[in-house]
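Asks: Okay, here's what each chain looks like letter by letter:
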Amino acid sequence: MEPLIIRGTENSPEVRLDATSNRFIITGKSRPENADKFYAPLISWIERFEPILSGRKQDSDGNPIPVFKFKLEYFNSTSAKHIAEIIIILKDFVEKGYKVKIEWHSAKFDDDMLDTGKEFSNMVDLKFDFIEY
Amino acid sequence: MTYISAAFEAHQLMSEKRSLMSFTGHFDHLAITLLLTNIKSKLSAIEITTGMDKRVYSVLVECIENVCKHSFHGNEKENIATLLLSKSETKYTIVTGNHIMNDEIPALKEKLETVAKLSPVELKQMYRVQILSKPTNDNNAGLGIIDIAIKSGNKIKYEFKKLTKNTSFYLLQTEISIKK
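These protein sequence lines map, in sequence, to chains D and G.
Residue 133 is where the first sequence ends in this note's numbering, and the numbering goes up by one at each step.
Residue 180 is where the second sequence ends in this note's numbering, and the numbering goes up by one at each step.
Honestly, the hints are just simulated from the structure, not real lab data.
Wrong hints could be hidden among the right ones.
To be verified - In silico DSSO-like links for lysine-lysine, alpha-carbon gap of 27 Å or less: (1) G:K91 to G:K124; (2) D:K96 to D:K69; (3) G:K165 to D:K69; (4) G:K109 to D:K71; (5) D:K118 to D:K101; (6) D:K91 to G:K162; (7) G:K69 to D:K37; (8) G:K165 to D:K71; (9) G:K165 to G:K77; (10) G:K109 to G:K162.
Bound-form chain D, shown alone (with noise of 0.2 Å):
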């Protein structure tokens, strides 16, 4: 599966999902002007990550687990939006039996985007890796 790389600007997040690495984080600052349009292949390759993801599960052990890294300094509200969705997706997996876990990053004092994270953690019922960077 080819990796999606996307590198990071002043307003949006660098990207790397990539499945060959066992890499999967979104890092840096989220105001992109058109939201929808940033997630969507974001989106759309996580959705094509599942039948890798399916292959795996019958795989004995052995296989890393895939971690999804969130390291974002700020998001808009409309990114919040396909953050939480992406998030869902990933509780989906979970659901299905795949081992998957969320590691969300904030950054020392920044108290508003650790609460974030606890705030989706429990808004999809779904347990996070909190690191303070």
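Dock chain G against the given chain D, drawing on the hints supplied.
Replies: Relative to the frame of chain D, chain G by itself:
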């Protein structure tokens, strides 16, 4: 009024209001990005260890996006919106102003009134409902206003000043208390 006296008056007024930043002009994506980059570094220099800089920045962005969302793009004069960020000992204040079509006002007013009535707990519940709802034509579904209310922790104030038969000037004020 001459341009010189108008500029002087604007300066006096903004200094008196302890303005950290004021901008009046066309809110295009580039202008906003430059503005936000500048204010972000200013805020992080003021609020080094409080995390307040991120909160103020975040509310500021939602306020600006609210302007963009509800701006009426008419003639050149009507394209001009305004933004003011000021800081006192106890709070940051953000005021935005933009032209709006009168027929947009009732729905917006209803949203603002609903949000103003809610307690912090109810606001969070509403945030959940909105964020989990399917995208509609109204691609933001008032999430911005709810977000402003949650993060600022204070009631949003607003006013619509009728300008013409079809348009008004929409002013929105939000205050973010400074953590002690």
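Asks: Decide, hint by hint, whether the structure agrees.
Replies: Status of each hint after checking the structure:
For the proposed pair K91 of chain G and K124 of chain G, the alpha carbon gap of about 22 Å is at most 27 Å, so the pair holds. For the suggested pair K96 of chain D and K69 of chain D, the alpha carbons sit about 20 Å apart, so the restraint of at most 27 Å is met. For the hint linking K165 of chain G to K69 of chain D, the alpha-carbon distance of about 51 Å lies beyond 27 Å, and the restraint is violated. Only pairs whose Cα atoms come within 27 Å are accepted, and K109 of chain G paired with K71 of chain D is rejected, the gap being roughly 35 Å.
With a C-alpha separation of about 15 Å, the suggested pairing of K118 of chain D with K101 of chain D holds against the 27 Å cut-off. Restraint check for K91 of chain D and K162 of chain G: the C-alpha separation of about 48 Å exceeds 27 Å, so the hint is violated. In summary, the hint linking K69 of chain G to K37 of chain D is supported, as the alpha carbons are separated by about 17 Å, within the 27 Å threshold. Proposed proximity of K165 of chain G and K71 of chain D is contradicted: the alpha carbons are some 48 Å apart, above 27 Å.
With a CA separation close to 16 Å, the supplied pair K165 of chain G and K77 of chain G stays within the 27 Å bound. With a C-alpha separation of about 14 Å, the suggested pair K109 of chain G and K162 of chain G falls inside the 27 Å cut-off, and the hint holds.
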